[in-house]
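There are 2 protein chains.
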Amino acid sequence: MKRFVIGLFFVLEGCLCPFAQHLSLLFTRGEVEEIRAEKGTVPAFDQSVSEVLSAADAAINVPISVPVPVDGGGGAVHEQHKSNYYAMFHCGIAYQLTGEKKYAQYVADMLEAYAKLYPTLGFHPVRLSPVPGRLFWQTLNESVWLVHTAIAYDCIYSTLSTQQRTIIEKNLFTPMADFIMEGMDGNCANNKTFNKMHNHATWATAAVGMTGLVTNREEYVKKALYGSDGTGKRGGFIRQMDYLFSPDGYFTEGAYYQRYAIWPFVIFAQCIEHKMPELQIFNYRDGILLKALTTLIQLSYEGEFFHINDALQKGLSAQELVYAVDILYNHYPEDKSLLSVAKAYQHAYLPTIGGFRVARDIALGKAIPVVYRSGVFRDGRNGNEGGIAVIRSTDPKLNSALTLKASSHGLSHGHFDKLTMAYYDNGNEILADYGASRFLNIEAKNKGHYTNENRTFAKQTIAHNTLTVDETTHFNGDIQVSSRYHSDIVYSNLEGKNFQVIVAKETHAYPGVEMRRTLAYIPTPFLQFPLILDVVQATSNGEHQYDYPFWYNGQFVSVNFPYNKAKNESKTLGTKNGYQHLWVEAWGHNENQNTSRFTFFNRNRFYTLSTATTPQTELMILRLGANDPDFNLRNETAFLIREKGRKKHTFATSIETHGDYDVRMETSCNLTSSCEEVKVVTDTPAYTVIRATYKERHSVTLCLSNPDDGTENKHSVTIEGMVYTWNGRCGVFIK
Amino acid sequence: MKRFVIGLFFVLEGCLCPFAQHLSLLFTRGEVEEIRAEKGTVPAFDQSVSEVLSAADAAINVPISVPVPVDGGGGAVHEQHKSNYYAMFHCGIAYQLTGEKKYAQYVADMLEAYAKLYPTLGFHPVRLSPVPGRLFWQTLNESVWLVHTAIAYDCIYSTLSTQQRTIIEKNLFTPMADFIMEGMDGNCANNKTFNKMHNHATWATAAVGMTGLVTNREEYVKKALYGSDGTGKRGGFIRQMDYLFSPDGYFTEGAYYQRYAIWPFVIFAQCIEHKMPELQIFNYRDGILLKALTTLIQLSYEGEFFHINDALQKGLSAQELVYAVDILYNHYPEDKSLLSVAKAYQHAYLPTIGGFRVARDIALGKAIPVVYRSGVFRDGRNGNEGGIAVIRSTDPKLNSALTLKASSHGLSHGHFDKLTMAYYDNGNEILADYGASRFLNIEAKNKGHYTNENRTFAKQTIAHNTLTVDETTHFNGDIQVSSRYHSDIVYSNLEGKNFQVIVAKETHAYPGVEMRRTLAYIPTPFLQFPLILDVVQATSNGEHQYDYPFWYNGQFVSVNFPYNKAKNESKTLGTKNGYQHLWVEAWGHNENQNTSRFTFFNRNRFYTLSTATTPQTELMILRLGANDPDFNLRNETAFLIREKGRKKHTFATSIETHGDYDVRMETSCNLTSSCEEVKVVTDTPAYTVIRATYKERHSVTLCLSNPDDGTENKHSVTIEGMVYTWNGRCGVFIK
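Heads up: the sequence lines are chains A and B, in that order.
Going by this note's numbering, the first sequence opens with residue 34, and the numbers climb by one from there.
Going by this note's numbering, the second sequence opens with residue 34, and the numbers climb by one from there.
Mixed in with the good hints, there may be bad ones.
To be verified - Restricting the straight-line Cα-Cα distance to at most 16 Å, the calculated cross-link-like pairs of lysine to aspartate or glutamate (EDC-like) are:
1. Lys600/B to Asp663/A
2. Lys598/B to Glu602/A
3. Lys538/A to Asp741/A
4. Lys680/A to Asp521/A
5. Lys604/A to Glu602/B
Said to hold, decoys possible - Some chain B residues close to chain A (C-beta under 8 Å, calculated; not the full set):
6. Phe589
7. Asn601
8. Ala659
9. Val696
10. Thr700
Bear in mind the hints are in silico, worked out from the structure with no lab data behind them.
All figures in this text were calculated on a predicted structure; none of them were measured in a lab.
Backbone N, C-alpha and C define an ideal beta-carbon position, used for all residues, glycine too.
Okay, chain A solo, but in the shape it has when bound (with noise of 0.2 Å):
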């Protein structure tokens, strides 16, 4: 890595010339040539660029508005600058592609209201950003600004006449690039995020270095690529590779923001590589930016991303995704398994030559699907701070995932939810993560940014399928606590035909308190579809109350013990920690049996969760929306199982997919479960074995060795004169 910089300062200083040329950042003169060329024989690329052509002409038949900036996400003003910087990008790229001169001149004169208006600017009206911009509310969006101008002025630049160039950079350009970088009248926020190791530097570092390389100030350049000092050390998109992604491409925050954070590396990427081909910029780290990518396909269902963390629902259609498929396919063309993303989610291409060559692959019938592995996304520079896991079903067409949070925090858009578990089957996600609370660019939901509840509900623990203690979020919801510390994955067997498995441990997020979760599939010859085993355990030398929710998407269908239901008033769960917004629908305990079951569906399958209980064991059903005062919230649903005064526990689990549900044929058959009994048969420090008891006489027992050392040992525990042996940290018995 330092022999890498010092090559790259040797290139900086000694080609000072290519700096002068444009056309050369997202395009180069060949490559317009070779579209243009191409014209008319792959048709779905004829469509995307015939798109961003109407959006061109759309444009420019409006008169350019550049108003001064008063509103936040969503509002009119806000939206227009946006929709400025899409027309100006729209425009820039239509010039080149079709040569008409009325595009370049929209850009130009588009530019020069800008030039105007900029100076007269200060920090902008809306303060709801720490980091406040001053054409929109946050610096961050001046960055995404810039980085589509500076696209836009490439490609028209050879239209502008001296005089025009010198005035839009600088009163535009350079003002807003130094403002990014630095900051203003003693504010150096924007100082410090473009030198942070975050996504809104990226943003920052791609906004100052591309508009160094579009009007030819290498000092821009140079601290875009190494921050503020120049050095490497501190800041800078080189070591935003580095830091921001563990070394299997996954991004701290989780799979939302890791979308987000791409689209400036691969943009920033692409210009580099045309204007500094000699850094391979896609190649170092062992290519990160690719494992980037495909971890993030990977880390999505049905081509959503999964909702860990402050997460929306986005996935692989996002345009984010468009950029990053199409530029990285560009440059690594072997992989045809990113052609069937685009074919799969995304409906248009980048109108650049690597949109056109993944529009014509996929037509060519290149596309190769993508295989969703089962895998550990480890997480940490290193790849030592946890991860996430994901358990797929070996045959694709069962479509089930199953996810196991374990990670380190995630920066200011992590949750607090060590070892949270998430199941998506059939199409549905249904046991859920709830992600964020924010309404994004509806300006009347606190003008787009996240609600209030994100933090009072969507960031505590309880809003999560993981355990809660004495009713208090990890690490007592403090982020700088959270940020030390990471779960650790300890085991994981995801190669097994027989069964996967993972287990996880948490020892930080409550003093005194080791939690561990293991979560099993196993496909059985008795059962429908492949069953999952979740074994949650506590340990704790004090007592406590542990309380663990499955936020589940369905409709209830029916549960084996007697409940007390909310009538004509309804209740909170509690006052603090999230549990404020809980109302409690139902509430009982299973007297009668040693597990007790809840079935519900979702669309035309079956779920049933059952779980050893005593007859102490406090069940509830939950349902979101008390103490929302903008409605905020949406009303999602939970089952509750509540142990009291506990110092050790173990919930144990079985949660059976079943029964087909045809409303067309009216037909419908296993609506009921199979399940009979779980029973935590053995618990003792060094092994916890598990039965789950299905009809006619059958069973799967899961045997666990808990010491986190010796995990390749040979184990064997005799249970009821029956000796089971197994090798590693889990033994899975079917019978």
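Once you've looked at the hints, dock chain B against the given chain A.
Frame of chain A; chain B shown alone:
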């Protein structure tokens, strides 16, 4: 009609011979030969045939199981008997299409097993139905069983020995047909049903009639066609064709049950057509069966039926519609729009000549789109009992539909909701009708039957977008009373290019209260989408409380008035008539403006209700789910407008559709409503004038002439010095 009956009698008495011919119910010998000859020419049809053969193969590979009945809908034994009739049906057809004896043998074996079981059965042990069956918990399912089995028997008849036929007919078909027609053990519920004008009777007459056709029992055919007394004056299939559909082909229970009702109509009609072509059954009553189908198609949105009365989520993909489309297209091959229904929504073809021709003609590219049109679908045998009005945009790209229910009660599946409106837009149900509370075929949910909440909530007036007076349901919830009356559609103008309007009236739901509703659908040059103006007029001599809810599907965005919200405690709105199921989530008054506004969004579009209010108007947000011990209700939400102590009140609401919200591109526009005021400008017995004002001084003035006579007169009113003149009942003035 009289002559026709006589003609039919002649036919019955004149042609005993054709009854003895076999293969003549769903197929004729010639049709089977054509299907076999065309094998391989239409891949989509071959696919459907191969699915039937696969189903038949799957059936014959499992030992025959004909268990003693024990359970209700969704139960294992219930489902076994259901799958048995499908198995016989599939195997019968498979035998005809392949000539392979194994299929015929399977049907014969199973029929013999049933012939052993059936005579041993008393009434079914599950006592939930007033019309209990023997094989199934209700006789209805027994009729369905027999319809399928009669076809299977026809298909394999020629393979059976005389002795086999005797046993099967004597021990199974005859007693079952007798039971369906007469009842048993002094319980004559079946006989009553058989002669009713009701869809269960259609199944019963089809079952008995088809049994008569296949077993050569004329008296069965005669009774099926003309009722038990053979006169045609009280019961029978022919009379059902006269009584169960309005002249427009509307079935009084609503589209959901019309779907179910049409199945036995078309299948029995097909058998009659084959056996007694002289009857020209498909031409009967001016082709009422085709009208029934096309009306059913019109009463759908995006392939799903409007949720009027007891409706679940079903639509054009239902198997009943496959029967209707394939059988009727075979008789009306000139209606090429039927092909597009099959193409868009149906994933299979009947393995009959009709199915073949539909598949073939689709493959030949002959499908033309269905034109979904505005229309009034009259209710009542003579078309004079109100009806369902549907307003659709003239531009099909807008994809919206507005419905107004002003029909008669709709038999036992009717709801108490005169003048209900619903709004469908952008592919979604926006202002919703709850439909039924039922979990079809899910035994754990009240054995798959309607839940208790269907009566306590779904049928009540407050569950619907119409007026509830004094917290009491229309007709006090008394079906006897409700069935005596119907609403009236007093005016409609659905051809207007400038606007479409419908006016309906209800005077019996509440003695002493007259209710009118006007729905106007108005494209304007200044709003993004057509505007809906909704005027609900209540007139009475006494003081009342008027509750008007909008049940909406979407996420609350904002209101323009202060409100309190249930924080730690939630209470119900009332104690009976459905009110006991409603949590009051928020409540407020608008003391500062005369127009109260509520905005919500659904997917990528926004909807704003702006309604004329006073400071006394109570405004609430309601959520469904209280007093629901078994978790049967969905958690729907409503915006309620309550006026207290009013004799006369006019609710005037602007329903504005606006906004574009693109998650992929993260762009949004027009997310806030343009509506500034909605005002009842004039409200006299003669005229009511509503003015809705929008941004930039635009307005829409809706002038209504209130008296029902002279609807074609010329009217004029003077408002603020301006004279408004219009012809007919409604004038719309856009500024």
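Hints, one by one, checked against the model:
Restraint check for lysine 600/B and aspartate 663/A: satisfied, since their Cα atoms lie roughly 11 Å apart, inside the 16 Å limit. Pair hint lysine 598/B plus glutamate 602/A holds up; C-alpha atoms about 14 Å apart against a cutoff of 16 Å. A hinted pair counts as satisfied when its Cα atoms are at most 16 Å apart, and lysine 538/A with aspartate 741/A qualifies at roughly 9 Å. Simply put, lysine 680/A and aspartate 521/A have alpha-carbon atoms about 22 Å apart, too far for the 16 Å limit, and the pair is violated.
With a CA separation close to 5 Å, the supplied pair lysine 604/A and glutamate 602/B stays within the 16 Å bound. The beta carbon of phenylalanine 589/B comes within 4 Å of a beta carbon in chain A, closer than 8 Å, and the hint placing it at the interface holds. For asparagine 601/B, the suggested interface contact is upheld, since its CB lies about 5 Å from the closest CB of chain A, less than 8 Å. This hint holds: alanine 659/B has a C-beta 6 Å from the nearest C-beta of chain A, less than the 8 Å allowed.
The criterion of a C-beta within 8 Å of any C-beta in chain A is met by valine 696/B, whose closest approach is roughly 7 Å, and the hint holds. For the restraint placing threonine 700/B at the interface with chain A, the shortest Cβ-Cβ distance is roughly 7 Å, inside the 8 Å limit, so the hint holds.
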